[in-house]
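Novice: Here is how the chains run, residue by residue.
There are 2 protein chains.
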Amino acid sequence: MAEHAIFEAGDVPLQSGLVLPAVRVVYCTHGRLNAARDNAIVYPTHYMGTHDSNAWAIGPGQALDPEKYFIIIPDMLGNGVSSSPSNTPAPFDGPRFPLVTVRDNVLLQHRLVTEIFGLTTLALVTGHSMGALQTFQWGALFPDMVQRIAPFCGAARVSRHNWLFLEGCKSALIAAGDFAGGDYTAPPVAGIRAFARVYAGWAWSQTFFRQQLDRERLGLPSMEDFLNWAWEPAFQACDANNLLAMLATWQAADISADPRFDGDLAKALAAISARAVVMPCRSDQYFPPEDSEIEVAHMQNAELRVIPSVWGHMAGGGLNPEDAMFINAALLALLAETV
Amino acid sequence: MAEHAIFEAGDVPLQSGLVLPAVRVVYCTHGRLNAARDNAIVYPTHYMGTHDSNAWAIGPGQALDPEKYFIIIPDMLGNGVSSSPSNTPAPFDGPRFPLVTVRDNVLLQHRLVTEIFGLTTLALVTGHSMGALQTFQWGALFPDMVQRIAPFCGAARVSRHNWLFLEGCKSALIAAGDFAGGDYTAPPVAGIRAFARVYAGWAWSQTFFRQQLDRERLGLPSMEDFLNWAWEPAFQACDANNLLAMLATWQAADISADPRFDGDLAKALAAISARAVVMPCRSDQYFPPEDSEIEVAHMQNAELRVIPSVWGHMAGGGLNPEDAMFINAALLALLAETV
Numbered sequence: 001m002a003e004h005a006i007f008e009a010g011d012v013p014l015q016s017g018l019v020l021p022a023v024r025v026v027y028c029t030h031g032r033l034n035a036a037r038d039n040a041i042v043y044p045t046h047y048m049g050t051h052d053s054n055a056w057a058i059g060p061g062q063a064l065d066p067e068k069y070f071i072i073i074p075d076m077l078g079n080g081v082s083s084s085p086s087n088t089p090a091p092f093d094g095p096r097f098p099l100v101t102v103r104d105n106v107l108l109q110h111r112l113v114t115e116i117f118g119l120t121t122l123a124l125v126t127g128h129s130m131g132a133l134q135t136f137q138w139g140a141l142f143p144d145m146v147q148r149i150a151p152f153c154g155a156a157r158v159s160r161h162n163w164l165f166l167e168g169c170k171s172a173l174i175a176a177g178d179f180a181g182g183d184y185t186a187p188p189v190a191g192i193r194a195f196a197r198v199y200a201g202w203a204w205s206q207t208f209f210r211q212q213l214d215r216e217r218l219g220l221p222s223m224e225d226f227l228n229w230a231w232e233p234a235f236q237a238c239d240a241n242n243l244l245a246m247l248a249t250w251q252a253a254d255i256s257a258d259p260r261f262d263g264d265l266a267k268a269l270a271a272i273s274a275r276a277v278v279m280p281c282r283s284d285q286y287f288p289p290e291d292s293e294i295e296v297a298h299m300q301n302a303e304l305r306v307i308p309s310v311w312g313h314m315a316g317g318g319l320n321p322e323d324a325m326f327i328n329a330a331l332l333a334l335l336a337e338t339v
Numbered sequence: 001m002a003e004h005a006i007f008e009a010g011d012v013p014l015q016s017g018l019v020l021p022a023v024r025v026v027y028c029t030h031g032r033l034n035a036a037r038d039n040a041i042v043y044p045t046h047y048m049g050t051h052d053s054n055a056w057a058i059g060p061g062q063a064l065d066p067e068k069y070f071i072i073i074p075d076m077l078g079n080g081v082s083s084s085p086s087n088t089p090a091p092f093d094g095p096r097f098p099l100v101t102v103r104d105n106v107l108l109q110h111r112l113v114t115e116i117f118g119l120t121t122l123a124l125v126t127g128h129s130m131g132a133l134q135t136f137q138w139g140a141l142f143p144d145m146v147q148r149i150a151p152f153c154g155a156a157r158v159s160r161h162n163w164l165f166l167e168g169c170k171s172a173l174i175a176a177g178d179f180a181g182g183d184y185t186a187p188p189v190a191g192i193r194a195f196a197r198v199y200a201g202w203a204w205s206q207t208f209f210r211q212q213l214d215r216e217r218l219g220l221p222s223m224e225d226f227l228n229w230a231w232e233p234a235f236q237a238c239d240a241n242n243l244l245a246m247l248a249t250w251q252a253a254d255i256s257a258d259p260r261f262d263g264d265l266a267k268a269l270a271a272i273s274a275r276a277v278v279m280p281c282r283s284d285q286y287f288p289p290e291d292s293e294i295e296v297a298h299m300q301n302a303e304l305r306v307i308p309s310v311w312g313h314m315a316g317g318g319l320n321p322e323d324a325m326f327i328n329a330a331l332l333a334l335l336a337e338t339v
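Just so you know, the protein sequences line up as chains W and D, in that order. Residue numbering for the first sequence follows our numbering, beginning at 1 and increasing consecutively. Residue numbering for the second sequence follows our numbering, beginning at 1 and increasing consecutively.
The hints are simulated quantities; they were obtained by calculation from the structure and are not laboratory data. Please note that a few of the clues may not be correct.
Claimed, not checked - In silico EDC-like pairs for lysine to aspartate or glutamate, Cα to Cα no more than 16 Å straight-line: (1) D:Lys68 to D:Asp258; (2) W:Lys170 to D:Asp38; (3) W:Lys68 to W:Glu115; (4) D:Lys170 to W:Glu293; (5) D:Lys68 to D:Asp38.
As the list claims (entries may be wrong) - Here are some chain W residues pointing at chain D (derived, C-beta under 8 Å): (6) Arg37; (7) Ser171; (8) Ala175; (9) Pro187; (10) Gln211.
Claimed, not checked - Chain D side only, calculated, beta carbon under 7 Å to chain W, not exhaustive: (11) Pro60; (12) Gly61; (13) Gln62; (14) Ala172; (15) Gly201; (16) Phe209.
Glycine included, C-beta positions come from ideal geometry on N, C-alpha and C.
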């Protein structure tokens, strides 16, 4: 069903002013573009995710139905598939990979959908977590092109507390004995373990563990099982510099960092004209609903729909069927709206 | 006003089965014991705290009034003042310091107040955070002796999520290149920096930073100022093995880990007959009010009073006058009750 391909973007000027040479954006598509070219959906990836990580939300009968829509999943830079520290040659290899912003990613995605597919309209942009960061960015940068957005468990600008949680994760990895300033010759297993363990406390909610859903729903008898067998391997599968590159993208996320908005978040949010359904999770420790509520108040045509879940940030990850159904129902209703 | 002294406890059998030789408990007292010997208050220390850290809550006109009460502040083991990795000789020095539980601390404190001061009753036991862990433990171990307890920002048993947050902090320190398995020859500055930065995300709430109270109330213009100048120095002033010893005490906290209760937390809570006011902070990320609510429901004579603050766990640290006044008012009312 899904095909994937590479968009060779050439030498790309970044938001930072640097030029990253020979940039590649890997992407996959589900479904077919219709004759009117108006059934495309962009669904960017989340932290540590690749195009495959989004597959849970796509399928016949789901909102993201490949029989109706042409769904494009672009791999975020830094994820090890698109241009990343792990696959970029010197002088931008490893720890020398430059800051790539959410804006840089979305401008590349815009080139992809216009240059490769000739699109002038997108029915929907949606995404989880860092995918939601990219979703807000699409809405702010291309209001005339994006008909609908549905960011879930994300934000238009990383909050200062969210920055701080990420700074903790980063600090653990870069202080590790085997990280060697990013010029490791073997994977820094101890550093990644520390990173994963710091991260673990944030991903679910206090209530998730109080209700022992890690045991009952994830089937993991002990916290050590949870950490060692379920959680850490996903991090150990990543390159450490890639983890840090994506983290830097996340920490810098801010749709108002744009000459048009000059750091004014309210102004940037007000530029989003797409019909929007913003879905934070009630118990998300990184992107609490209070932040989303402020965002929605500044947007032109947005609705707040809080995912009523104790799964914290992971409510948007497709692991919990109830949360996946909540998101799917919201996307179905949104796509059915005439905008 | 305050005097401090050393209780030489001798060789102490620990809950783990090990015997820790020549244990010292440092303590300080405020005020005087009355003739009836019924005006004593025990106020144990919190993580990284010493007897001086509790001074903010003590003073004429405050609930903890040294003109009315004899206030004993015992230094928790591991805090660098009482027996700790940093001051214990081989074979229990540094990383070889054994697990000392909250129960071990409270049994030592019981010996202190009975052997040194001949007490048979305590008007109140109160404490913040790990001081609250010790407060619950006092209530469960010595129901006939303790008239009142007022734990704030703490719990009777560390929650599984709280354990996980601590595990993240610990992982960052032990993975650091300069920690050297605890046998460092100079302070592991990089490891402690990572530890502090991981910890920082947990201590306040998301809302505290959203409202920019770090800038407005702590007077710190940037997150880097907050981390480098306000937060990290307190951690760098600690010995790394001491940080880990206290953390191990915290992670193991469980009043039901006792032959009488056999791991049954409800049973252990039901053994607490003291009049109790349990004060979690609404926005505490380690000890959320939902946990306290469950505890209070099992206790004989307990009331839940939630600190209505966005200062998170730090609501109990005396930094915010409103929170300090809330706690003080609750202690005043509690001490005025005839029990």
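Novice: Does each hint hold? Answer for all of them.
Specialist: Now for the hints, and whether the structure bears them out:
1. D:Lys68 to D:Asp258: violated, 35 Å
2. W:Lys170 to D:Asp38: Violated, at about 52 Å.
3. W:Lys68 to W:Glu115: violated, 22 Å
4. D:Lys170 to W:Glu293: At roughly 35 Å apart (the allowed maximum being 16 Å), Glu293 (chain W) and Lys170 (chain D) break the hint.
5. D:Lys68 to D:Asp38: holds, 11 Å
6. Arg37: violated, 41 Å
7. Ser171: holds, 4 Å
8. Ala175: holds, 4 Å
9. Pro187: violated, 13 Å
10. Gln211: For Gln211 (chain W), the interface hint is violated, since the closest Cβ of chain D sits about 10 Å away, which is over 8 Å.
11. Pro60: violated, 38 Å
12. Gly61: violated, 36 Å
13. Gln62: Cβ of Gln62 (chain D) sits 32 Å from chain W, so the hint is violated.
14. Ala172: holds, 4 Å
15. Gly201: Check passed: Cβ of Gly201 (chain D) comes within 4 Å of chain W, closer than 7 Å.
16. Phe209: holds, 4 Å
The structure fails hints 1, 2, 3, 4, 6, 9, 10, 11, 12, 13 (numbered hints given earlier, in ascending order).
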